[in-house]
Each structure stands twice: as structure tokens, then as C-alpha cells.
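**Student:** Each chain, written out:
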Amino acid sequence: MANVLAFAEQRDGEILGAAREAVSAAFRVASGLGGDAHALLLGAPGIAAAAPELGRFGAGVVAVGEHEALGEYNPDAYAPIVADRVRSGGYGVVVFPATTLGKDLAPRVAALLDVPLASDVTELDVDGGALHVVRPIYAGKAFAHLAMNATPALVSIRPNVFQPVESPAAGTVDAFAPSVDPAAWGVRVVERKSAGEGALDVAEATIIVSGGRGMKDPSNWPLLEGLRDAIGEGVALGASRAVVDAGWRPHGEQVGQTGKTVSPKLYFAIGISGAIQHLAGMRTSKTIVAVNKDPDAPIFNVADYGIVGDLFEVVPRLTDEIKALKAKG
Amino acid sequence: MDVIVCVKRVPDTETRLRIGEAGTAIDPAGVKFIMSPYDEFAVEAALRTREGAGSGEVSLLSYGDTSAQETLRAGLAMGADRGVLLTGEPGMDCLATAKTLAAELEGAQAPLVLFGVKAADDDQQQVGPMVATLLGRPCATGVASFEVGDGKVTCHREVEGGVEVVDVTLPAVLTITKGAFEPRYASLKGIMAAKKKPLEQKEASAEAARLNVTKLSYPPERAAGKIVGEGADAVPELVRLLREEAHAL
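Protein chains in written order, with the working numbering: chain R, 1 to 329; chain V, 1001 to 1249.
Hints listed in this document are in silico derivations from the structure and should not be mistaken for laboratory results. It is possible that part of the hints are untrue.
[What the hints assert, rightly or not] Below 30 Å or equal to it, Euclidean Cα-Cα: the simulated BS3-like pairs (lysine-lysine) are: (1) V:Lys1152 x R:Lys193; (2) R:Lys293 x R:Lys323; (3) V:Lys1202 x V:Lys1032; (4) V:Lys1152 x R:Lys265; (5) R:Lys323 x R:Lys286; (6) V:Lys1226 x V:Lys1032; (7) V:Lys1226 x V:Lys1099; (8) V:Lys1099 x V:Lys1215; (9) V:Lys1226 x R:Lys328; (10) V:Lys1032 x V:Lys1196; (11) R:Lys260 x V:Lys1032; (12) R:Lys265 x R:Lys328; (13) R:Lys260 x V:Lys1197; (14) V:Lys1226 x R:Lys286; (15) R:Lys265 x V:Lys1215; (16) R:Lys260 x V:Lys1215; (17) V:Lys1189 x R:Lys323; (18) V:Lys1215 x R:Lys286; (19) V:Lys1032 x V:Lys1189; (20) R:Lys328 x R:Lys286; (21) V:Lys1099 x V:Lys1152; (22) V:Lys1189 x R:Lys260; (23) R:Lys293 x R:Lys326; (24) R:Lys265 x R:Lys286; (25) R:Lys260 x R:Lys293; (26) V:Lys1202 x V:Lys1099; (27) R:Lys323 x R:Lys265; (28) R:Lys326 x R:Lys265; (29) R:Lys260 x R:Lys328; (30) V:Lys1226 x R:Lys216; (31) V:Lys1152 x V:Lys1032; (32) V:Lys1226 x V:Lys1152; (33) V:Lys1189 x R:Lys326; (34) R:Lys293 x V:Lys1226.
Isolated chain R (complex conformation) (with noise of 0.2 Å):
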């Protein structure tokens, strides 16, 4: 028997979708392992009053830290204190999710607790009482089946894959004082600036409109924000390789291997001819839609539903046509 730890991730005191999929997925796990599922949620005074939506989604047990200096993020606060959680709670599996936080902060908690640790896990089960961890490789290319020989087993699950499920448990509060020492810190965030009202990153979208080469040039992304739009909340823009590579877009927007691997509810490839490092990065979308006027473009052997045409005379009709769509409701 053994319980399961989720690292219940909040930004400016709301909880993440990440965090209810990882505390949905420790739920399973411990399920599996006859355990119970907890969570861990650190963060400034008042963020206990979350602790219940934890526990909607399959949390026994919400340990909540609650600090002046855990308001944001910072790893040299956050990766002793949760360090020492994991231990003291004897977990036999640690949930985080993949998010740039917990990309960020679970390598340092592996370290100090001198386990191993298996990021961007896109398959966790129980079979037989071991666990089954698989995660993808060179961005998707292929997938990695691994065995972990280690207590606790620490996951970081990739965002959107872990579909979050009700399963209402206690949620009781465990109150503790984390052990918070600004001194010790080597790093301090001076400011946060936001990429714009509502911007919502790639990785974290469940809806991403992507533009490619055949967007012509930088100035007609317009027409991609307007189609983001219409189509309302949780989508991001994306981007191609080679229109970043020429300085049209961020490279935060990059969809492929060497940028972002996401697996979106649904993926719209506009101008996109589909190379091999970007249909790795995208192919485990559930749904792809291609636009692109080359009927031959390799995006069309990944895409659910293609349209051959001119990008510039469909997507507009397309923004128009969810647009009204919308507006019935």
C-alpha cells in the first residue's frame, strides 16, 4: 500500500487544469496501488481556500504550505519544501505536472532526494502493482517503456493528455509551516511580464491555431489571431520552424521537435506543409485540421480533416463560420 503525492500547481492563487490532471492522476495511481491520493499546495496566505477543488478531483489529504514568499514561484523556496513533503509523507509515487514550473522544479526535487525521474509522461498505470510509465521520445517519434527502480517513483505528466475526473474525496487540510529562508536563495525573480491579456501559451492551450510559410508574411497573422478569437477561450497561437527560424514569430509559439511537443484538443495546420520535426511535435493532437493549397503536403497524412485551398480566402470564411456558430451557441 502506498500513497501518491500531486504537486498541485497555482498561478496568482487559482489552480492550474495541470494540477487537477496530476491530482486526477495520482488518484488513479494510488487507486491501483491501494493507497490514498495527496496533495501538496504551496502558496501565499488564503490559498488553503483551494484545497477543496483538490480534493473534487481525488484528494484525500490536501497539504497546504501557505507563505508570504510562496506567492510566486520560486525554485529555491519551493524545491527543499516539497523535498521534504515527499519524505516525510513516505510516498511511493510522485506526481508533477509538465508544465515550465514543474519542468522546472521536479529535476531539483529528484535531485535532493536522490531518485530518478521520468518527465513528460504521457502513460501512468498500474498493471499488476507496478507501475507503467511511458513517455514519448524525439518529440514523438517514438515512446520510451520504463521501469523504475526507485521509491518514490517521481512522474511529470504532460499537460492536457491526463484527463482531470470527479472523484470526490475528503480533501481534508493538513496545515503545516513550510520552512521558508530568503536568505539561502540564489535566485530572485525581479519581475513577471505578461505576454499579453489572456495570452495562453502553446503548451498549455487546448486549442492551437498554427501558421506556417505559406502565411506569405509576418503581417498577415491577423488572420490567425482573428480566428483565435472566434473560437473563444484556451487557444494559442502556434508557429512553424521555419516562419520562427525567420524572425516572423516567437519562438515560444515553435510546435515541433525543436520547439514545444503539445497534444492539443484540436490543432488547426494553416500554411503548414507538415516536416517531419513539426508532425513530431503535433501528431498527438486528437484532432488536426490542415488548410494548405499543396494537395500532396505530408500535413495531410496526420490531419483528420483537410481542406485544399487558398488560406487566405478559407480561414477568413472559417472565423466567420465559428463565429456564427457561436453566436447560436
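With chain R's structure known, arrange chain V on it following the hints.
**Tutor:** Frame of chain R, contents of chain V only:
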């Protein structure tokens, strides 16, 4: 200012890969190998740091089989001063890899140790922050640009939905993303000079791997999609399919 950059040899990202006979690794036959692109950004960042400071040495460190010499030579051709190759077989257990690298870096005087934010093969994003933790050095990940100041380095990190500016106390470990660091091409002169630069090779301290690959599999094939139609007239049907068949809108 002295900078150490850790670099990894990986298959070219444009390469199609096949799983090898043993089923636990790719078949290297016919695969072109390159320096991991993020490590190239880190080498570029190191060279600019040295150039900005007006003095110092850029050292490269790699852990891999002897063919990684080629990767180190590529970095030397870009302008790095010397290379060290720890020969061994790094696997999926990044903590084991980090321990091997940390054992070599322990006691290193260089104020900056740089990594690519991730390796383009395994994409684990672990080794940099693990090495930092093992060495007790502070670390910033996903750094798109940085300026070295007095006893600290100010880093601009790519984070979800924006940019974060952090001050990191030196000596530090940074993992570098593309950002400002478009890598330079090696000049012919650089390639010639690289042949004469010192490249030390020694056996890596082996660490037991506790995370192992039991098998590799190919991604599930996507079911054949359909061409909905041609041009803007196909859009209403596409929207209907997205709504009624895919339940995606």
C-alpha cells in the same frame, strides 16, 4: 569570464528514426547526428559572454561514446577553446547522467555552467537543474537572454504566458533556450583551428541507472483523414464535422 557548456550528440531532428533490433534503442545506421540544437544556443551564449567580457575561456563538456568527439569539434569550430569528453553511455536516467557530469564539474572555477534547456533526443529537461542541485549552485531554466552583472547574472526566462526576469547569484547554472542566441556558423578558419584545439578524453565515472527503457514503440498510426473539400466552399462542411463528428468545437 570562463564558461563551461555541456553538449550532447543527438540524431538530426529532421531524420526519420527506426527502432533497432534489440527494441530498446533506435537503429543508428544511416542516421545523421548533430549537436543538440539547444546546446548550440548555449555554446553561442557562452561565446557571446566571453566576447562581452573581453577575456575568458569557453570549455565544452560532453558525455557519450567516442563519436561525441565530432560534436565537441563542432563546438570548437564555432569558437570554444577546449573540450572534454567523458566516455560512457548516458541513458534515460538523467540523475545518473547529472551525477557523472557533477563529478567532473565539482570544483570547477568557471562562474557559469550552461546547458541547452533540453536535449532534442530524450527531451527530459532535467540534467541542468539536477547538476545545479548536486553542486549546490543556483539555477535558472529556459533562459532566452542574460546579462552578467556584479556577482550575479540577470536572466530573462520564457515562462507560460510571458517573460520572467530573475537574478541568479554566481557561480550559477543556466539552461538556455533559443531566444537571442541564434548560433553562428563555423567559418572555414574556425573549422581548421578546431582541429588543433585541446580535446581531452577520459572514462566517465559510471553511475547505476535506476530508470531504464524496457522497450520502444512507434506512435500509434493516425487513422487516414479526409479531404473535406477544396477552397472556402468546404468550410461549412468542415465546421459541421468538427462539431458533430469530432466534438471539437
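**Student:** Look at each hint and say if it fits the structure.
**Tutor:** Here is what the structure says about each hint:
Taking the CA atoms of Lys1152 (chain V) and Lys193 (chain R), the gap is near 21 Å; set against the 30 Å cutoff, the hint holds. Distance restraint check for Lys293 (chain R) and Lys323 (chain R): the Cα-Cα separation of roughly 24 Å lies within the 30 Å cut-off, and the hinted pair is therefore satisfied. For the suggested pair Lys1202 (chain V) and Lys1032 (chain V), the alpha carbons sit about 25 Å apart, so the restraint of at most 30 Å is met. Pair hint Lys1152 (chain V) plus Lys265 (chain R) does not hold up; C-alpha atoms about 42 Å apart against a cutoff of 30 Å.
Between Lys323 (chain R) and Lys286 (chain R), the direct Cα distance comes to roughly 22 Å. Compliance with the 30 Å bound is thereby established for this hinted pair. Distance hint between Lys1226 (chain V) and Lys1032 (chain V) is unfulfilled; the C-alpha atoms sit about 34 Å from each other, more than 30 Å. Between the alpha carbons of Lys1226 (chain V) and Lys1099 (chain V) the distance comes to roughly 50 Å, so the proposed pair goes past 30 Å and is violated. Between the alpha carbons of Lys1099 (chain V) and Lys1215 (chain V) the distance comes to roughly 25 Å, so the proposed pair stays at or under 30 Å and holds.
For the given pair, Lys1226 (chain V) sits about 27 Å from Lys328 (chain R) by alpha-carbon distance, which is consistent with the 30 Å threshold. Taking the CA atoms of Lys1032 (chain V) and Lys1196 (chain V), the gap is near 24 Å; set against the 30 Å cutoff, the hint holds. Proposed proximity of Lys260 (chain R) and Lys1032 (chain V) is supported: the alpha carbons are some 22 Å apart, at most 30 Å. As the CA atoms of Lys265 (chain R) and Lys328 (chain R) are separated by approximately 22 Å, the hinted pair is consistent with the 30 Å bound.
Between Lys260 (chain R) and Lys1197 (chain V), the direct Cα distance comes to roughly 35 Å. Violation of the 30 Å bound is thereby established for this hinted pair. For the hint pairing Lys1226 (chain V) with Lys286 (chain R), the CA-to-CA distance comes to about 15 Å; that is within 30 Å, so the pair holds. Distance restraint check for Lys265 (chain R) and Lys1215 (chain V): the Cα-Cα separation of roughly 28 Å lies within the 30 Å cut-off, and the hinted pair is therefore satisfied. Between Lys260 (chain R) and Lys1215 (chain V) the alpha-carbon distance is near 24 Å, which keeps this suggested pair within the 30 Å criterion.
Under the criterion of a C-alpha separation no larger than 30 Å, the hint pairing Lys1189 (chain V) with Lys323 (chain R) is inconsistent with the structure, at around 58 Å. Between Lys1215 (chain V) and Lys286 (chain R), the direct Cα distance comes to roughly 25 Å. Compliance with the 30 Å bound is thereby established for this hinted pair. Between Lys1032 (chain V) and Lys1189 (chain V) the alpha-carbon distance is near 24 Å, which keeps this suggested pair within the 30 Å criterion. Taking the CA atoms of Lys328 (chain R) and Lys286 (chain R), the gap is about 25 Å. The hint holds against a cut of 30 Å.
As the CA atoms of Lys1099 (chain V) and Lys1152 (chain V) are separated by approximately 25 Å, the hinted pair is consistent with the 30 Å bound. Taking the CA atoms of Lys1189 (chain V) and Lys260 (chain R), the gap is near 35 Å; set against the 30 Å cutoff, the hint is violated. Using a Cα cut-off of 30 Å, the hinted pair Lys293 (chain R) and Lys326 (chain R) holds, with the two alpha carbons roughly 27 Å apart. For the proposed pair Lys265 (chain R) and Lys286 (chain R), the alpha carbon gap of about 5 Å is at most 30 Å, so the pair holds.
Taking the CA atoms of Lys260 (chain R) and Lys293 (chain R), the gap is near 25 Å; set against the 30 Å cutoff, the hint holds. Under the criterion of a C-alpha separation no larger than 30 Å, the hint pairing Lys1202 (chain V) with Lys1099 (chain V) is consistent with the structure, at around 16 Å. Taking the CA atoms of Lys323 (chain R) and Lys265 (chain R), the gap is about 19 Å. The hint holds against a cut of 30 Å. For the proposed pair Lys326 (chain R) and Lys265 (chain R), the alpha carbon gap of about 18 Å is at most 30 Å, so the pair holds.
The hinted pair formed by Lys260 (chain R) and Lys328 (chain R) fails the criterion: a straight-line CA distance of about 34 Å is larger than 30 Å. Using a Cα cut-off of 30 Å, the hinted pair Lys1226 (chain V) and Lys216 (chain R) holds, with the two alpha carbons roughly 26 Å apart. Simply put, Lys1152 (chain V) and Lys1032 (chain V) have alpha-carbon atoms about 39 Å apart, too far for the 30 Å limit, and the pair is violated. For the proposed pair Lys1226 (chain V) and Lys1152 (chain V), the alpha carbon gap of about 55 Å is over 30 Å, so the pair is violated.
Proposed proximity of Lys1189 (chain V) and Lys326 (chain R) is contradicted: the alpha carbons are some 61 Å apart, above 30 Å. Distance restraint check for Lys293 (chain R) and Lys1226 (chain V): the Cα-Cα separation of roughly 15 Å lies within the 30 Å cut-off, and the hinted pair is therefore satisfied.
Going down the numbered hints, you'll see the structure goes against 4, 6, 7, 13, 17, 22, 29, 31, 32, 33, while the others check out.
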